[in-house]
Amino acid sequence: MNSTVNKYDFYDDEIVKKFVIATVCWGLIAFLVGLVVALQLADWRFNFGLPWITFGRLRPLHTNAAIFAFAGNAIFAGIYHSSQRLLKARLSSDLLSNLHFWGWQLIIVSAALTLPFGYTTSKEYAELEWPIDIAITIVWVIFAVNFFLTIKNRKEQHIYVAIWFYIATIITVAVLHIVNSIAIPVTFLKSYPVYAGVQDALVQWWYGHNAVAFVLTTPFLGLMYYYIPKAVNRPVYSYRLSIIHFWSLVFIYIWAGPHHLLHTSLPNWAQSLGMVFSLMLWAPSWGGMINGLLTLRGAWDKIRTDPVVKFLIAAVTFYGMATFEGPLLSIKSVNSLAHYTDWIIGHVHAGALGWNGFLTFGMLYYLVPKLWKTNLYSVKLATTHFWIGLLGIILYIMAMWASGITQGLMWQAMDDSGNLLYPDFVETVIRLVPLYYVRFVGGLLFLLGFLIQIFNLTATVLQANKEKVKDPVAKGSRIPFKDVISESSHRSLEGLPAVFSTLVVIAVLVASAFSLIPALFTPTKMSAKSIIRPYSPLELVGRDVYIREGCYLCHSQQIRTMSSEVLRYGPASTMEESIFDHPFQWGSKRTGPDLARIGKKYPDLWHYRHMMDPREVTPKSLMPAYAWLAKDKISFDLIPKKLRIMQQLGVPYSEYEIDNSIETAQMQAATIAKELHEHGAPSGLEKTEMVALIAYLQSLGQMSIKPLEVK
Amino acid sequence: MSIKKEDQLLDHEYDGIKEYDNLLPSWWLATFYGAIVFSFLYMGYYHFAGGPSLSDELQQDLAEIYTKRKSLEVKDNGPTEEALAAILADKSRVDQGKVIYVGKCASCHGNLGEGLIGPNLTDNYWLHGDASLMSILLVVADGVAEKGMPPWKGMMKKDEVQSVVVYVKSLKGTNPSNPKAPQGEEVKN
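Residue numbers (the numbering used here), protein chains in the order written: chain V, 1 to 711; chain F, 1001 to 1189.
Hints listed in this document are in silico derivations from the structure and should not be mistaken for laboratory results. Computed from a prediction, not measured in an experiment: that's the story for all the values here. Worth double-checking, as some hints may not be accurate.
Said to hold, decoys possible - Covered stretches of chain V, going by a simulated chain F footprint (3 or more residues, C-beta under 8 Å):
hint: 1; stretch: 22-34
hint: 2; stretch: 406-419
hint: 3; stretch: 605-617
Stated by the list, open to error - Only some residues are given here: those of chain V computed to face chain F with a beta carbon under 10 Å:
hint: 4; residue: S82
hint: 5; residue: H158
hint: 6; residue: V161
hint: 7; residue: P229
hint: 8; residue: N233
hint: 9; residue: N268
hint: 10; residue: G287
hint: 11; residue: L294
hint: 12; residue: V426
hint: 13; residue: L493
hint: 14; residue: L496
hint: 15; residue: T561
hint: 16; residue: Y602
Unchecked claim - Restricting the straight-line Cα-Cα distance to at most 27 Å, the calculated cross-link-like pairs of lysine-lysine (BS3-like) are:
hint: 17; chain 1: V; residue 1: K155; chain 2: F; residue 2: K1172
hint: 18; chain 1: V; residue 1: K470; chain 2: V; residue 2: K482
hint: 19; chain 1: V; residue 1: K17; chain 2: V; residue 2: K7
hint: 20; chain 1: V; residue 1: K302; chain 2: F; residue 2: K1018
hint: 21; chain 1: V; residue 1: K370; chain 2: F; residue 2: K1018
hint: 22; chain 1: F; residue 1: K1158; chain 2: F; residue 2: K1172
hint: 23; chain 1: F; residue 1: K1018; chain 2: V; residue 2: K475
hint: 24; chain 1: F; residue 1: K1158; chain 2: V; residue 2: K88
hint: 25; chain 1: F; residue 1: K1018; chain 2: V; residue 2: K620
hint: 26; chain 1: F; residue 1: K1091; chain 2: V; residue 2: K674
hint: 27; chain 1: V; residue 1: K600; chain 2: F; residue 2: K1147
hint: 28; chain 1: V; residue 1: K152; chain 2: V; residue 2: K470
Note that CB positions come from ideal geometry on N, CA and C, so glycine has one too.
All chains, please: the whole structure from these sequences, using the hints.
Dropping the structure here:
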């Protein structure tokens, strides 16, 4: 090769290699952290008493690492590798590619440096605080520009179905991220979202559900459409099916968010819409699975011989399973059993380990030898990885099914006299512990398989020829505009990516606008003011402690419209009750009991002792101890600013209340501390976060000005 | 290799990937249309034709439960002092009560009943009632919510409440070390 060659004559595979390496490194971390949190649920002592690795702080790190670090880097590797070849063009700019790569890694590192220290918005999968959110936006725009400019430079008139899915991903993630992250900063690493209560719930789960759709589904479908036909060397089963399932998926997915909010205080009709759109989503999802699996017709024997094909096909099968289970879980009656239980965790992991994990593993086994121009070091080891990993996933899912269904049934079980059969919540927790160990073993096997892969891939790279051979860009050409528009309708769209992308934008925006409409039918803060009081300054501080410690990852604050819930926790939650909650704290999983009406259930000293060590009051509890709260001091001077921002967001604090908020907080803290001390707690608690948290807990369910109608 | 006749290759090709133009599987279309039709029927029934809302269903469920509880209350006149005394004489029930006590009561009344958040249960001073078995049953079952003593009747089965009550009774006069100061009135029972 001489030095005068134009670099644009070759694909940029260096950037793909970087993303591949990042995928492997972050994957290892994500799985390890997952294993630790799994172990902590089996035995709380595995947090070693260190605040920054307690369950509530570590779980967001696990989910974010798995979704944005492992899957994210895998997506970027696959998109950059396949798009260049599908478009017959080198990536538009090395600078943008590298900014994208390093920017993204920096974001992940900052996530790892903030989440364990309690800097979190508490919005699931969007926990990162506002400066990082801004960085994500910038890096995403860099990615988008790089990608769309590459499309512009393409030497292939039409865009292949994989590219459609990449386009949908880039556009929708941008919309989701920006809308869900709008917040007002309090300090450099603390903010309050502009939405509250049921509105925040609606926006958050529109985001949360579609993060699954557009980070963990559409890009992976795109990868599937490239790597499966490449690996088996067979034509894609049906082009028509691609068209139908692509558009229906993009349009219908957006609506299904409220299936995370069934039986809550969200208006009934909005819940029903979430449910029926989820049912309608089943077929479009399976369209993708069919196209993936049936592409293998005539080459089924490759499943036996080629580990890449094994992984890819198993991944698609798990995709089919998870997308069947999803609509099932969205049916209100099934959901009433499964919501808040480990069944949902199992469902997520069928997708995350089976679909995203295995697809990525298959892609890596395909990519690494191709990128480093050698053969896979050992097919046998890859096959071993496959079976160990598969066994791990099956153990994981089975354990969570068993655990989730046990929980759901025990929560609802009634005896003949119309009383709860298991009124003591902790009984329903103890029962699950053996299953948590099974889950741990499943995760361990999955990780073990991955370690084998890391070894195999490293050996592959090491045996490769050090001389760099670059792949030349394939020759191609564009066709004149008038020929493009005279083609059949969808075909001409494929020839006009700008128009195609615009249509995707319209579909996503229209569906989003409609699916967020229920937010307009919720009570206003003005109207709620006469029913419910806002938090006292000290309670607000306590609430921020609750958020920081990630209590919402084990506790819900939403009593559902089900008789077993009402008998256990009290009247079903109303929309007004969370109206001043920026952000809402309804939660998504109950490892501990619901806390929406915990206020005044126990004396302050009970909470003090429970927070110091839950085993003191509930012998078999698996809740972590939070003893450091009795030492950490409250930042009283931040309180006026917090109240001021809440006021700007519409929470009815008066000027007088804001001006005197520090004194009010100190007085309330002193009262609680004095009483605690009288009952035997140590003195001097009035400056600590412990009293703030207790004040907050005691306010839950006690905020109504008018007494609730108890039926 | 069994490639069916309907497989018709399109003239698309991307990096060597070709596409067939197979028809959509009919069972797939059926599920898609089926779901759409079902959705209209579902929304129509529940939100336009007056189908019950979730809170209607909840009220109905609760009403059934409360009626059932009422009808049982009528049949069951509740235990008497004598009946409870018989349970107190049954060692296995007292032991059962102890297990419950350690799990649910000790956190507030101390492991030995010496008192902690809640009052000492071993002395002769009582806040509620005269320390008869029936009066203990009353306070344990109904609680004193505003003072931090939970009502246990919804949280345990009836016979469990009775067992823990007789266990509390058995604590009387056990003189644990470091007792909480007396609260309430002195009683004779």
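Satisfaction of hint between K1147 of chain F and K600 of chain V, Cα-Cα up to 27 Å
Between K600 of chain V and K1147 of chain F the Cα gap is close to 9 Å, so the pair holds against 27 Å.
Taking the closest Cβ pair, is H158 of chain V under 10 Å from chain F?
OK, holds: H158 of chain V within 10 Å of chain F, min 7 Å.
Straight-line Cα separation of K152 of chain V and K470 of chain V no greater than 27 Å?
Given that 27 Å is the threshold and the Cα spacing comes to 22 Å, the pair holds.
Within a Cα-Cα threshold of 27 Å, do K370 of chain V and K1018 of chain F meet the stated pairing?
21 Å, holds
With a cut-off of 27 Å on the C-alpha distance, tell me whether K1158 of chain F and K1172 of chain F pass.
22 Å, holds
Interface hint outcome for T561 of chain V [beta carbon to chain F under 10 Å]:
Holds, about 5 Å.
Coverage assertion for the stretch 406-419 of chain V with respect to chain F, Cβ distance below 8 Å, three residues required:
holds (count 5)
Holds or violated: V426 of chain V as interface residue toward chain F, Cβ cutoff 10 Å?
9 Å, holds
Are the Cα positions of K302 of chain V and K1018 of chain F separated by 27 Å at most?
19 Å, holds
Would you settle whether the hint for P229 of chain V is holds or violated, based on the nearest Cβ-Cβ distance to chain F being less than 10 Å?
This hint holds: P229 of chain V lies near chain F, its Cβ roughly 4 Å from the closest one there, short of 10 Å.
With a cut-off of 8 Å between beta carbons, are at least three residues of the stretch 605-617 of chain V near chain F?
holds (count 5)
Has the given pair, K17 of chain V with K7 of chain V, been kept, meaning a C-alpha gap of at most 27 Å?
17 Å, holds
In this structure, the hints that do not hold are numbers 1, 13, 14, 17, 18, 24, 25, 26, in rising order.
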